[in-house]
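**Student:** So for the sequence shown, numbering that gives the first Met the number 0 puts the first residue at 0; every next one is plus one.
Rather than coming from a laboratory, the hints here were simulated on the basis of the structure. Note that CB positions come from ideal geometry on N, CA and C, so glycine has one too. One should not assume that every hint holds.
[Unchecked claim] Cβ-Cβ distance ranges computed for the label pairs, FRET-style:
(1) 100 x 166: 37 to 45 angstroms
(2) 137 x 89: 19 to 27 angstroms
(3) 149 x 56: 41 to 49 angstroms
(4) 141 x 179: 16 to 24 angstroms
(5) 174 x 15: 21 to 29 angstroms
(6) 17 x 100: 13 to 21 angstroms
(7) 149 x 178: 27 to 35 angstroms
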Amino acid sequence: MTSSNTRPAARAGRHLVRIIGGAWRGRRIPFPELPGLRPTPDRVRETLFNWLQQSTAGARCLDLFAGSGALGLEALSRGARAAVFVEQAPAAADALRATVARLGAAARAEVHAVDAEQFLRGSPAPFDVVFLDPPFGRGALAHFLPLLDLGGWVAPGGCVYLESERAAGAPPLPAQWSMLKSKIAGEVGYHLARKEPRG
């Protein structure tokens with residue numbers, strides 16, 4: 000919670016997220032103040048993209064609960080071929096579109112201002128990397144993982160990043176998926192899973 004005597008500059012800083020690697024390293028991305036919108040911290044993103052290593056280069060990525068767009072933008076900065084951002088809050092989606100345009104990334108990015116479940120009812124095109132960072136406290140990972148799997152949204156061998164409150168623990172994975180990495184940072188639990196190719 001921010002106290003009433005906090006300086007305006009400090010408050011403004013809370014609504015910027017920094018790209019930490021790649022072509023746009025150091026660029027600060029503004030996002031609106033909205034309930035539940037909490038960009039993945041720098042330290043967690045750094046670990047995640049170390050886990051992914053070269054998996055983002057040339058990849059097609061889905062940022063399903065995009066919020067500030069920090070995860071998908073980080074992937075584009077690191078050489079992803081394309082990123083699709085899904086964000087139901089119009090103000091956040093508009094801010095993300097403006098950021099994409101400012102970065103000159105319109106040819107590689109799509110922003111859909113729709114609910115995640117509505118998006119997944121569309122025609123699937125498999126993604127190489129999926130970022131799944133829904134609002135905490137709603138059990139959303141357990142709900143959306145089967146939708147991604149059964150809907151054909153994850154390419155064989157594709158990676159899925161999962162983020163939730165620490166107390167929730169690692170979510171159950173669909174059949175033929177494996178958990179590659181798990182870690183905790185403060186009250187956040189985060190994991191990297193892979194959809195194994197059928198042998």
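**Student:** Now, for every hint given, state plainly whether the structure supports it.
**Tutor:** Tested hints:
1. 100 x 166: 37 to 45 angstroms: holds (39 angstroms)
2. 137 x 89: 19 to 27 angstroms: Distance hint for residue 137, residue 89 holds at roughly 20 angstroms.
3. 149 x 56: 41 to 49 angstroms: At 28 angstroms between Cβs, range violated.
4. 141 x 179: 16 to 24 angstroms: Because 19 angstroms falls inside the window, the suggested range holds.
5. 174 x 15: 21 to 29 angstroms: For residue 15 against residue 174, whose Cβ atoms are near 41 angstroms apart, the range 21 to 29 angstroms is violated.
6. 17 x 100: 13 to 21 angstroms: holds (19 angstroms)
7. 149 x 178: 27 to 35 angstroms: violated (19 angstroms)
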